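So the sequence lines, in the order shown, correspond to chains E and B. Those letters in the first sequence? Residues 46 to 267, by my numbering. Those letters in the second sequence? Residues 7 to 294, by my numbering.
Everything labelled a hint here was simulated from the structure, so no lab data went into it. One or more of the hints may lead you astray.
As the list claims (entries may be wrong) - To give an idea of the chain E side of the interface with chain B (calculated C-beta under 10 Å), a few residues: (1) Gly50; (2) Lys101; (3) Pro241; (4) Tyr258.
Just so you know, these numbers come straight off a predicted model, no measurement behind them. Each residue gets a CB set at the ideal place from its N, CA and C atoms; glycine is no exception.
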Amino acid sequence: MKNYGVFDIIGPTMIGPSSSHTAGAVRIGKIARSLVDDSFFKVSFHLHGSFAKTYKGHGTDRALVGGILGMNPYDERIKSSFDIAEKNNIQIEFIEDDLGYVHPNTVKIVFQYKEKDNYYIIGSSIGGGNILITNINGNEVEFSGNYPTILVKYNDRKGSISRISSILSNNDINIATMKVSRKEKIATMLIELDSPIENKIINKISLLDEIIYITGINSIER
Amino acid sequence: MFNKGSELLKLCKDNDKKISEIVIKSEMESSDITYDELMNKMKEVLKTMDKSANSALNKEIISVSKISGGNAKKIENYKDNGKTISGDLINSAMAKALSTSEINASMGKIVAAPTAGASGILPSALLTVKEKFNLSDENLIHGLFAAAGIGEIVSKNATVSGAEGGCQAECGVASAMAAAAIVELVGGDVESSFHAASFALINIMGLVCDPIAGLVEFPCALRNASGVANALISADLAMAGIKSIVPFDEVVDAMYKVGKAMPESLRETALGGIAATFTGNEIKKRFE
């Protein structure tokens with residue numbers, strides 16, 4: 046039996062009309078923004094399934110734009126996010142797309158830069174404002190954004206997991222969940238933590254020889 | 007801790023406490039939060055609810071999709087003209103429920119209770135009773151905890167998702183939460199709160215979820231208006247001393263089974279009921 050608290054029932058406080066089409070969309074956008082360099086000049090949203098069919102009526106478009114502008118799901122400016130994006134000189138584009146065998150409420154957010162390559166994030170809104178991020182620029186991942194999360198790609202070597210986890214435990218950080226997968230010689234590790242991520246932890250891990258890429262994402266408010 | 011209605015009832019009786027008091031104590035223990043923090047958090051919730059329930063009464067609010075809106079103001083004006091059929095209280099309650107639903111559909115701020123689709127019912131029910139009985143905000147905050155207790159039990163043992171259980175699981179549960187809270191607020195005993203919650207669920211058992219074009223507007227807003235009426239009359243039935251022959255836990259179980267038995271077309275897919283009418287399909291085409 047799943048446990049529920051008072052504010053799971055009376056809550057979240059959110060911008061309507063739908064927890065999966067607006068609140069979840071804001072959270073995907075906000076997580077995506079926290080993963081990229083914010084010098085982008087244009088953002089393309091590739092909408093799949095139910096997102097593609099109903100995004101205008103549900104305001105999913107404004108919610109996604111609010112998210113990439115850094116807004117929370119209860120921010121009353123979401124309604125006017127298009128105007129705010131325009132004022133910040135960010136171009137916005139929506140494309141109805143088929144992203145393959147994914148959840149019906151899925152979006153691929155492509156950030157475009159003048160001086161460097163595009164960067165994309167794919168995420169799904171899976172109900173009640175809950176989300177799953179499934180791809181970060183070609184790296185398949187799966188995390189909810191409910192916990193502070195560290196994503197690490199590294200050359201697989203003996204002892205890597207213990208080296209990374211000891212950095213966390215030495216800094217008094219508890220690991221909530223950990224997933225490790227490997228493609229050829231490159232391993233991907235997703236660690237969800239019980240406490241917020243500080244930059245110094247990310248820096249420490251990145252100093253390990255085998256690390257190819259590391260990013261930390263703090264949890265996104267509901 | 008309580009998982010069933012019977013357990014919550016027993017905790018209330020053994021400790022001579024109200025539903026809200028047990029829910030508050032249980033939440034403080036499970037979330038490791040102080041009494042004051044908890045009260046302040048719920049105070050913010052009530053503030054948002056109060057605003058959403060009143061914002062569309064004097065101003066026409068139109069939805070993002072532009073298929074609905076302005077009805078809260080219509081019923082508010084109609085009530086003020088003094089010629090209603092069902093009286094000021096019911097009409098005022100319907101106006102407030104529609105107000106929150108319209109704020110929700112226009113991308114305004116609301117509190118899901120238990121969902122965004124059913125968010126109009128609980129605020130309207132409590133605010134309506136507040137006016138009639140001159141209750142304080144503190145009273146209403148306690149009412150919200152009592153309502154949450156009922157919602158927790160349904161969530162644990164059944165569902166509050168329209169996609170899983172139809173509208174009975176959203177608007178039905180919201181009405182049940184509201185009915186139980188109202189009974190506590192007007193001084194009814196704990197058993198009567200559970201009877202009221204049972205009546206609210208029984209009254210709309212089997213209600214399908216069939217939003218036109220999948221949008222949380224029509225018939226959702228209407229069902230928030232009828233949902234608050236359901237909450238108020240269910241509370242009255244219980245306060246009159248009428249008892250639900252079938253206990254609350256069994257009613258919840260029945261609601262869950264009815265939801266499971268519903269075809270998918272009637273569970274938020276917009277493929278059945280009002281959504282699948284000729285007009286419903288015509289409106290849907292505008293968004294394709």
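### Unsatisfied constraints (hint numbers, rising)
Hints 3, 4 contradicted; others consistent.
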